[in-house]
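Chemist: Line by line, the protein sequences give chains A and B. Residue numbering for the first sequence follows my numbering, beginning at 703 and increasing consecutively. Residue numbering for the second sequence follows my numbering, beginning at 874 and increasing consecutively.
Just so you know, these hints were derived from the structure itself, not from any lab. Quick caveat, the model's predicted, so the values are computed rather than measured. It is possible that some hints are incorrect.
[Claimed, not checked] With beta-carbon atoms standing in for the labels, derived distance ranges: (1) Asn770/A with Leu1129/B: 53 to 63 angstroms; (2) Lys939/B with Ser834/A: 47 to 57 angstroms; (3) Glu962/A with Asn883/B: 19 to 29 angstroms.
[Said to hold, decoys possible] According to the in silico footprint, chain B covers these stretches of chain A (three or more CB under 8 angstroms from chain B): (4) 778-790; (5) 797-806.
[What the hints assert, rightly or not] Calculated pairs, BS3-like style, for lysine-lysine (alpha carbon to alpha carbon, straight line, at most 30 angstroms): (6) Lys776/A with Lys939/B; (7) Lys776/A with Lys803/A; (8) Lys913/A with Lys968/A; (9) Lys968/A with Lys776/A; (10) Lys913/A with Lys981/A; (11) Lys939/B with Lys913/A; (12) Lys905/A with Lys968/A; (13) Lys722/A with Lys707/A; (14) Lys914/B with Lys722/A.
Glycine included, every Cβ here is placed at the ideal spot set by N, Cα and C.
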Amino acid sequence: MTALKLSNVCKSFGQVEVLKDINLTVGEGEFVVFVGPSGCGKSTLLRVISGLEEASSGEVEISGNLVNDVPPAKRGIAMVFQSYALYPHLTVRDNMALALKQARMPKDKIAERVAEASRMLSMGDYLDRRPSELSGGQRQRVAIGRAVVREPDLFLFDEPLSNLDAALRMNTRLEIARLHRQLGTCMIYVTHDQVEAMTLADKIVVLRDGKVEQVGSPMEIYNNPANRFVAEFIGSPSMNFVPAEQLGGPVGTQIGIRPEYARITKNGRLPGTVVHVEKLGGDTNILIDLSDGLSFTSRQFGQYDIAIGDQIAIDFDDSKCLAFDSEGQRV
Amino acid sequence: MSNARANPFNSIAVHVALLTYTAIALFPVFVILINSFKSRKAIFRDPLALPDGDTFTLIGYQTVMKQGDFFLYFQNSMIVTVATLFFVLLFGAMAAFALAEYRFKGNLLLGLYLALGIMIPIRIGTVAILEMMVASGLVNTLWALILVYTAQGLPLAVFILSEFMRQVSDDLKNAGRIDGLSEYTIFFRLVLPLVRPAMATVAVFNMIPIWNDLWFPLILAPAEETKTLTLGSQVFIGQFVTDWNAVLSALSMAILPVMILYVIFSRQLIRGITSGAVK
Ligand SMILES: Nc1ncnc2c1ncn2[C@@H]1O[C@H](COP(=O)(O)OP(=O)(O)OP(=O)(O)O)[C@@H](O)[C@H]1O
Ligand SMILES: [Mg+2]
């Protein structure tokens, strides 16, 4: 069975077309991540799935039911927002219980579910506090707990970790991954953080300007991008592009080389000058100006000794590079 | 900034300026208060002197209590002001929520139309309003005043409140929708508490002109049983003789309730309950 199926979904705000003919099938229990540049329509797509926005055309199916005309509360979904969106006047316990109360669930069942969720997310200590008395990380936990107690068929996350600091982000990311394993429920997750996308996803959906550019597993997308946009967007530092004729290829096409495949040698095919070095400890990013003015990034494992101004050359295995035609499609 | 705060001269200068302003603003009130306790002769002889053993008298207050139905006027003013504030806040907030929250055709035009009332004084329409009130039989009822003041207060209320409602987090409202709250619950339970400071501002802006208004009570509800305090106090002001003791005493007493309302609302203004909702 499919957890979510979008068929020809379009969404416009007045004249502005934000989503253009989105087709997507998500299987039971999959973790799907939407990535794309800011303003490409990720949040809008999530809101269409949740029912907060109506699709201008097309069909949204959740667990096999057409839900175009079903209000958000009845779609069997739960959503976690970037800004937590906790009810300020309610305690943590009541924040989690509210949706169940609205659905007229018996009291003892509600208490049971809240207890279970708070155990799962270890929030027992602050069940009776109000959101204003919690830290950012705790608030996001409560927001996740509020989604968990509803036992939805589909979880929707809209950049849930963007407001957290780096360490907390990592912890919460692991927590979400663990939650997904435990619950086995399908999750849809919006982010523009590469690491979150690569580490969490079973399936990544790359969006650009309201269109799906590519759908695939993280490694598939990384190793085998469908076009130049995806190749450039996924991976950090991003892929280098060199006109093919420089390397003896056909005119007009581009060769893409990932930074980690670019070796630094004395006399490789692409000579240049080192202009900047970023030493991260674990690896080293080296920014190079090629002789014809192009910028190029090479990523070396470990602590690589090189100085700004060094004359070097780049070389790479032909098997590791990708070719794109003048439209940016893979060839 | 922290430098400016730490500098004692700056701090003194600020306090001197604020205290001077306070003194100037409170001076008329002070003069009214002290003179309301003085005999008529003393008021004219030395208006700025404090009442002493010779000049102290409660004659003004006694006159007010005896003459006219002071407490009825008081009650009328109170009913009109409180009822108006209630309606202005309720309808103003609802209209503001609709304008801020829902996309529909003519949203912007409707917003502009509602805001137009800020620039057009309602008194221009007095004759038409009076005709309407006569036709509907509302003349000499408190409803006439409540309706007119509500109409007068709504434009600014909608204008201010819709601005504030736009700032209430969309995520919060959406979370409510996903949890199955009705739009009314979202409005009353989630949004209104967060715009409470703005509501208090609107209440204060509306309250004082209504309480002090003489125009509409005189025209729409001059009957004895619907007189407001401001209108009622006018009986002491004659064309030839004015009973200054009574006027000053009535004014002094009229200050009290507005002050109480003001204190209630300004506490709302200060109370920050928004933290923890988002971020
Ligand atoms: N209510 C609206 N009315 C008009 N345009 C809108 C509305 N909501 C979103 N848009 C437009 O739709 C586009 C997509 O917005 P959306 O919020 O989905 O982007 P996003 O991919 O989530 O971006 P980000 O990564 O910055 O969150 C934007 O260009 C935005 O201006
Ligand atoms: Mg977004």
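Chemist: Hint by hint, note whether the structure agrees.
Modeler: Now the hints, each set against the structure:
1. Asn770/A with Leu1129/B: 53 to 63 angstroms: Holds, since Asn770/A and Leu1129/B (Cβ atoms, about 60 angstroms apart) stay within the stated range.
2. Lys939/B with Ser834/A: 47 to 57 angstroms: Since the Cβ atoms of Lys939/B and Ser834/A sit about 54 angstroms apart, the hinted range of 47 to 57 angstroms holds.
3. Glu962/A with Asn883/B: 19 to 29 angstroms: With a Cβ separation near 58 angstroms, Glu962/A and Asn883/B fall outside 19 to 29 angstroms, so the hint is violated.
4. 778-790: holds (count 11)
5. 797-806: Three-residue rule met by the stretch 797-806 of chain A, so holds; n is 4.
6. Lys776/A with Lys939/B: violated (66 angstroms)
7. Lys776/A with Lys803/A: holds (14 angstroms)
8. Lys913/A with Lys968/A: Violated. Lys913/A to Lys968/A sits at ~43 angstroms, over the 30 angstroms cutoff.
9. Lys968/A with Lys776/A: violated (65 angstroms)
10. Lys913/A with Lys981/A: Since the Cα atoms of Lys913/A and Lys981/A sit roughly 37 angstroms apart, the hinted pair is violated (cutoff 30 angstroms).
11. Lys939/B with Lys913/A: Answer violated: Lys939/B to Lys913/A is near 81 angstroms, above 30 angstroms.
12. Lys905/A with Lys968/A: violated (40 angstroms)
13. Lys722/A with Lys707/A: Holds - the C-alpha atoms of Lys707/A and Lys722/A are around 16 angstroms apart, at most 30 angstroms.
14. Lys914/B with Lys722/A: violated (86 angstroms)
The earlier numbered hints that this structure contradicts are 3, 6, 8, 9, 10, 11, 12 and 14.
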